[in-house]
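Asks: Each chain, written out:
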Amino acid sequence: MTNMLEIKGLSVGYARKGLALDDVSLSVPKGGIVALLGANGAGKTTLIRAVTGLLDLHHGQVTHGQVALDGHAILGLPSHRLVRMGMGQVPEGRLIFKQLSVEDNLKVGAAIVPRGQVRERLEAVYTLFPRLLERRTQSAGWLSGGEQQMLALGRALVGNPRLLLVDELSLGLAPLIVRAIYQQLRVVGDTLGTSMLIVEQNAKLALEFASSAYILNSGRMVLSGSAAEVAASDAIKASYLGTKREQPEGDPGPDAQASQHAQESV
Amino acid sequence: MLAQVLFSGLALGSIYGLVALGFAVVFKATEVFNFAQGMFVVCGAYLAITGISLLNLPFPLAMLSMVLAAALLGVLIHMFLIQPVAGQPMLVVIMLTIALSIVLRAAIEIIFGSQGRTLNTPLPSGVFKIGELRISQLHLTAALVSWGCMAAFGAFFRFTSVGLLMRATADSHEAAVVSGVNVNMMNRLAWAIGVVLAAVGGLFLGQLQIASTELETIGLLALPAVVIGGMQSIPGAIVGGLLVGVIEQLAASYISPKSSDIVIYALLLLILMVRPWGLFGQRELGRV
Amino acid sequence: MTKHSSVSLKPAQPVSWQRWVWVALAVVLLCYLPIVLTDRAIFGVRLSNMQLLNIGMSQVNLMLIAMLGALSLNYLTGCAGLISIGHAAFYATGAMTAAITGTQWGWPFPLVLAAAGLAGALVGTLAGLPSLRVRGLYFVLSTLAVHYVVVYVFLEYQFKFFDVVGVPYNAASIGPIALNTPIRWYFFLLPLVALVYWGLSNTLKSREGRVMMAMRDHELATTSVGVDVRILRLKAFAFSSSIAAMAGALYAYFMSNATSEAFGINFAIQFIAMIIIGGMGSLGGALVGAALWLLLPSIISGFATQAGDATGIVRLLLVEHKAQLVQMIFGVLIIVLLIFAPGGIAGIGHKLRHRWSAGKDAS
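Chains as they are written, first to last, in my numbering: chain W, 1 to 266; chain R, 1 to 288; chain H, 1 to 363.
Simulated from the structure, these hints should not be mistaken for laboratory data.
Do not take every clue at face value.
Calculated Cβ distances over 10 angstroms to all of chain R for the following chain H residues [as the list claims (entries may be wrong)]:
id	residue
1	W17
2	R133
3	P191
4	T203
5	R210
6	H321
7	Q324
8	Q327
9	M328
10	F330
11	G331
12	I335
The calculated DSSO-like cross-link candidates involving lysine-lysine, where the alpha carbons are at most 30 angstroms apart (straight line), are [stated by the list, open to error]:
id	chain 1	residue 1	chain 2	residue 2
13	R	K258	H	K160
14	W	K17	H	K351
15	W	K8	W	K30
16	W	K204	W	K8
17	H	K205	H	K235
18	R	K258	R	K129
Note that the coordinates shown come from a computational prediction; the quantities given were computed from them, not determined experimentally.
Heads up, the beta-carbon is just placed ideally off N, CA and C, and yes, glycines get one too.
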């Protein structure tokens, strides 16, 4: 069975910053939830941009590699085509329409849905995120951070995408809210079988939620495996300051060893 | 008489408002300050002449072809001139629109000659009186049609799904891309609308005066109108247009005919110094 | 970001004797040029109009005056990053000052020029004031508004003291030498242009100049250098406007007449076209742009007279609507340049030079 998303040997460079991704491969199985982890600047957002057709906007270029959505090669296709092909995008920074109402925001996402089903899809999103229903006529710019994130997700989900790409969901949000949102995403995954690629800095949370994970470090994929495997690995400890906080205090040993491992396990 | 002046001012102002609206739509969508909007007004007048006098089409057909030709012009301009320079600094884009106006002007003068031409339409051109007031039917028709167009656009923008997509694109280009909106298509639509609205304005201005490339200066009054009203504000553009129309007529009647332009530009300068974001604009635009 | 060519920030080259030979050659050519154009012959060999590109001394002189305008605008826009479409207003200021001091008060020519420069600086400073309040697009609009206001003042002046024919100007003379032939004008204007070019070029190389150019590209960064950017901007505006005003006075004297129509918005646009064609930020480019702008119409005219009895499209374009054809060519040229080579001719020259020297290094 083909994977929903298949990335093979992808290399991406930016005009003035050089190579950001180097021979990266990743796959998202149908119905699977995959976490992409890595420190700041590791290249996670670049990967998402390459997949979603937004590289041009940010002066980036694919130098090598292939990306396929359910078997169809998609590199070079314009973003709006990809959305129509079933790729829902929730980029970093939420990117909602601040001057439009909540409902209007969702309706924009519903542009790809056949007329008759729009109402139904909107209701589905409101059921998923009741807060949005409460605020449906309010201007999106006035929403709290968590509500805006729900809105961005809702807008992507309205179109019932086959693949959902989420970039840095937890940024700037309280853990409680992030957890609640992830729970709702799990509901979506369970009921609709939507495949998901989640880019996260908060590795712990992502690994609770995902079934498999990849770790990106300075543009290279350093580890991949099931969520449990990755959670236990040394590489994860090396890549994150966040998880270090959960180490026993005053114990530099394992960290020093871990970073060695990270470099070796390419 | 004051009422008379006000009436003409409001009528002309309605036309300016229409042209300013076209300008604002393009600006909101593509962030291009289109200095060629004045020439688009001229194009409208000459497209009307082509349809009516040169091709001898029946009036409704001539109007339809004028609108379609204007829309096509807008789309082509966006595709070949605006899109290639997307993201370039402002002077490049401004100069591009200025160069465009130069080319259009030259082309029109080559095709039609540099003298003005009379634009004859079956639109009513008589005058009727209400008490002391002489109401020019042409003025009235122009005002009504302008308001009709503005209302139609407003309805389209607010209530249709395409209008929603346009509003979304104007709100955030990147968010629109991510939501699956074909942004290029939206921008082309915006330009088509901008040129069509200017063309309709040209139809009336060409009749009220004479169709010539000199109409450009009148069309350019849309610029101060938009700034005074508030650059990113659609209602602001309309109000700005009305204000400019009224002020122009007042200045022409009570000071001197030549002073009307300068009064408006002096007002523009004042607004820029005191309240640059215009009457209806939002302060955040001060990021400029 | 457009590729602005910076002004001579190349590594300093040793001033070899070869450079001096080139300079000497250029000077000789420039001095011989007016003779060629007046006699219409080189070393006694007669040349046809077409061979001389249909250029006469008056075009060359107008070109030199335009160069002053282009240089000053480039300094303002290309180097200081202040976009102004009101440049014609400063020409008008200079012309009006020249009329008041020269025609009405009878001052000698050099003093008139100085007065024009001073008036230009003053008006320029005023015109630059909005830059303290607004930036970017709003500032451009303020320059447009300033343009209309100043030209209106000129119009009122023209009609109050003179008439619709225009404002007349006395004959220009420097001390005992009257500038009454094109050649004399040429030898007056040429060193003037060279002087202005040299002056601006030096200003740009100075510390203030460099900060100004940095300000153009990265405004935020310069505020941390401790220089008050706002004062720099006003200075740039004053400087640029005073040169433009002097050019305006020269223009008025050269044409012996000036009307307010001459300083319309189209006039201002011409200068922007010149610096875009030449390449913004490049003083040399401004010269090229001005040269092209003024000489192209002559060339087209030349073709037109050649066309003579041609019919159809050729006749329509070349003969009946020469002026429009020139406009169209310029418009298209600007558009093409903006889309494909925003750096203008200077930018293209830069690239070619890089390729050439890269090729030399490789071999």
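Asks: Going through the earlier hints one by one, which of them does the structure break, listed in rising order?
Replies: 2, 6, 7, 8, 9, 10, 11 and 12
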